[in-house]
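Trainee: Model the full assembly from the supplied sequences, consistent with the hints where possible.
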Amino acid sequence: MNTANLALQQTPPLSVPIRFFITAPLFGILASLLLIYIGPDIFSSRWGLNILALTHLFTLGFVSMIMFGAILQLLPVVAGTIIPKPVLTSSIIHILLTVGSLSLTSGFIFGQDFLLRIAIVLLGLSFFSFVAIVGYCLIQVKGNIIIGMRLALLALLITAGLGIGLVVRFAYGITLPLAMILANIHLTWGLVGWVGLLIIAIAYQVVPMFQITPQYNTKLMRWLIPILFLVLLLWTLAYLWLENNKLVGWISILIGLGLAVFGAKTLHLQIKRLRKIPDVTLNFWRVGAVGLLLSIILWITGIIWTELANQPFYPLLLFILFVGGFVLMVIQGMLYKIVPFLVWLHLQNQQLNPLRTVNMIRIPHMKQIISPKSAQRQFWVYLIALFCSILTLQFPNLIYLTGIILLVAFILLEYNLLKALKLYRSVLISIQ
Amino acid sequence: MKTTIDVSQLEPCEPMERILAALPNIQVGEYLHILHRMEPHPLYPILTQQGYSWITKTNKQPIEIYIWRSDDLIAKANIV
Chain V
1 MNTANLALQQ TPPLSVPIRF FITAPLFGIL ASLLLIYIGP DIFSSRWGLN ILALTHLFTL
61 GFVSMIMFGA ILQLLPVVAG TIIPKPVLTS SIIHILLTVG SLSLTSGFIF GQDFLLRIAI
121 VLLGLSFFSF VAIVGYCLIQ VKGNIIIGMR LALLALLITA GLGIGLVVRF AYGITLPLAM
181 ILANIHLTWG LVGWVGLLII AIAYQVVPMF QITPQYNTKL MRWLIPILFL VLLLWTLAYL
241 WLENNKLVGW ISILIGLGLA VFGAKTLHLQ IKRLRKIPDV TLNFWRVGAV GLLLSIILWI
301 TGIIWTELAN QPFYPLLLFI LFVGGFVLMV IQGMLYKIVP FLVWLHLQNQ QLNPLRTVNM
361 IRIPHMKQII SPKSAQRQFW VYLIALFCSI LTLQFPNLIY LTGIILLVAF ILLEYNLLKA
421 LKLYRSVLIS IQ
Chain W
433 MKTTIDVSQL EPCEPMERIL AALPNIQVGE YLHILHRMEP HPLYPILTQQ GYSWITKTNK
493 QPIEIYIWRS DDLIAKANIV
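Keeping their order, the protein sequence lines are chains V and W. The opening position of the first sequence corresponds to residue 1 in the working numbering, with each subsequent residue numbered one higher. The opening position of the second sequence corresponds to residue 433 in the working numbering, with each subsequent residue numbered one higher.
Each hint should be verified, as a subset may be incorrect.
[Said to hold, decoys possible] Calculated cross-link-like contacts (lysine-lysine; reagent style BS3-like; alpha-carbon spacing at most 30 Å):
id : chain 1 : residue 1 : chain 2 : residue 2
1  : W       : 434       : W       : 492
2  : W       : 489       : V       : 265
3  : V       : 272       : W       : 489
4  : W       : 489       : V       : 142
Worth flagging that the hints you see were computed from the coordinates, not collected in a lab. This one's a predicted model, so the numbers in the text were calculated from it and none came from an experiment.
Mentor: Right, dumping it as structure tokens:
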């Protein structure tokens with residue numbers, strides 16, 4: 001029995017998570033424009049500076065931005081705690097992350113060392129203060145989601161530490177030993193550790209809640225994330241010592257299999273939904289899980305059949321499937337539930353506050369806040385952009401079309417989110 | 433006397449809407465018995481603000497939440 005009277009929950013103001021959610025699609029728009037600007041040259045080098053800018057616009061500006069907002073919002077729900085001075089703290093972290101991401105990516109594009117130096121300071125402050133504050137809030141609580149969030153934060157620390165080290169190399173011209181190996185470790189910890197583990201932890205909460213599925217298996221929730229984290233550590237050590245030894249490949253297959261368990265289980269839960277009503281979020285998560293499984297199949301095939309991994313299209317296709325097909329898909333699906341729910345919840349709270357409420361009105365339903373039709377339209381545009389980006393690997397000139405469709409997808413996403421915020425403000429004015 | 437509401441198969445925000453709609457109907461000595469898939473954390477501050485107390489039993493599925501008026505000791509005593 002849980003006497004919840006003792007732990008009075010606090011919901012952070014809407015502005016705390018929403019500032020991150022509203023900013024993220026703007027980085028998606030910038031990434032699309034950069035894609036159009038680079039054009040078919042994207043295939044020239046995996047580590048070209050424009051490619052680095054493009055990947056960081058997606059991973060920092062879009063993915064990490066939304067993840068920061070989602071964690072700040074989930075803290076009161078899963079941990080019963082809230083960050084100190086939520087509006088001030090989130091504003092500072094948000095500004096640091098936004099300006100830091102812009103400095104880093106523009107530093108890469110224009111080859112300006114001073115922009116990279118600014119990025120080192122701003123992103124360093126943003127990541128380390130975020131990890132310290134959220135980590136402190138998570139210290140005294142227990143639970144599978146909490147363990148997942150803690151390990152994802154540790155992975156973020158490792159990713160950020162390595163990332164900053166690698167940028168120091170560019171910004172100050174310092175030679176770094178094992179630079180390419182460290183870059184691969186940075187990339188793996190960022191995508192699998194920080195983003196992958198966090199998506200799994202958040203899925204434990206949001207998939208059963210919003211998609212009316214049964215809960216994830218208790219043993220899976222207890223062990224999957226810690227095992228994946230340990231295997232990632234093992235892989236890192238093996239890779240540092242043995243480089244491209246077969247053993248390193250086998251360990252990375254284990255990472256792929258761990259992620260595959262999550263993808264397959266999520267699809268399985270969706271098949272066993274308790275209420276089978278059409279839902280656009282479900283489409284995002286279904287395609288996301290399939291994207292994850294396809295990226296793992298490609299990853300494992302590349303390890304076993306090394307000729308495939310040496311093809312120029314291989315790392316790009318892997319990135320498109322994992323980031324575009326899995327990460328961006330599920331994150332957008334998550335936004336279409338979390339944002340309407342938060343808007344509804346905050347309006348409901350305002351309505352019930354006798355000190356602030358003047359007029360009692362009917363609060364719009366979640367489906368009225370962002371209509372399923374608008375979300376569905378954006379889903380299809382994004383899906384077409386995803387297919388086009390895969391076709392681009394065979395027909396490089398399609399990259400311009402891909403960039404334009406992706407641009408439309410992110411503009412639509414931003415429009416849908418801003419429309420929800422506009423509705424929030426207008427209903428709030430009616431209440432007060 | 434209790435009123436049971438099963439919201440365990442409803443999607444957000446329907447569970448909270450139903451619970452909030454049922455609150456004003458709780459009479460002296462009565463309590464609400466909610467069947468839910470997960471703990472409704474966002475509901476708790478609203479309950480406190482509106483003058484209700486609650487107990488949540490999370491040891492089995494669906495989880496159970498008992499809600500009564502904070503000043504109603506009879507209702508509290510009636511909860512098993």
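Trainee: Hint by hint, say whether it matches the structure.
Mentor: Status of each hint after checking the structure:
1. W:434 to W:492: Holds - the C-alpha atoms of residue 492 of chain W and residue 434 of chain W are around 20 Å apart, at most 30 Å.
2. W:489 to V:265: Answer holds: residue 489 of chain W to residue 265 of chain V is near 27 Å, not above 30 Å.
3. V:272 to W:489: Measuring from Cα to Cα gives roughly 25 Å; hence the hint holds.
4. W:489 to V:142: 18 Å, holds
Going through the hint list in order, the structure satisfies each hint without exception.
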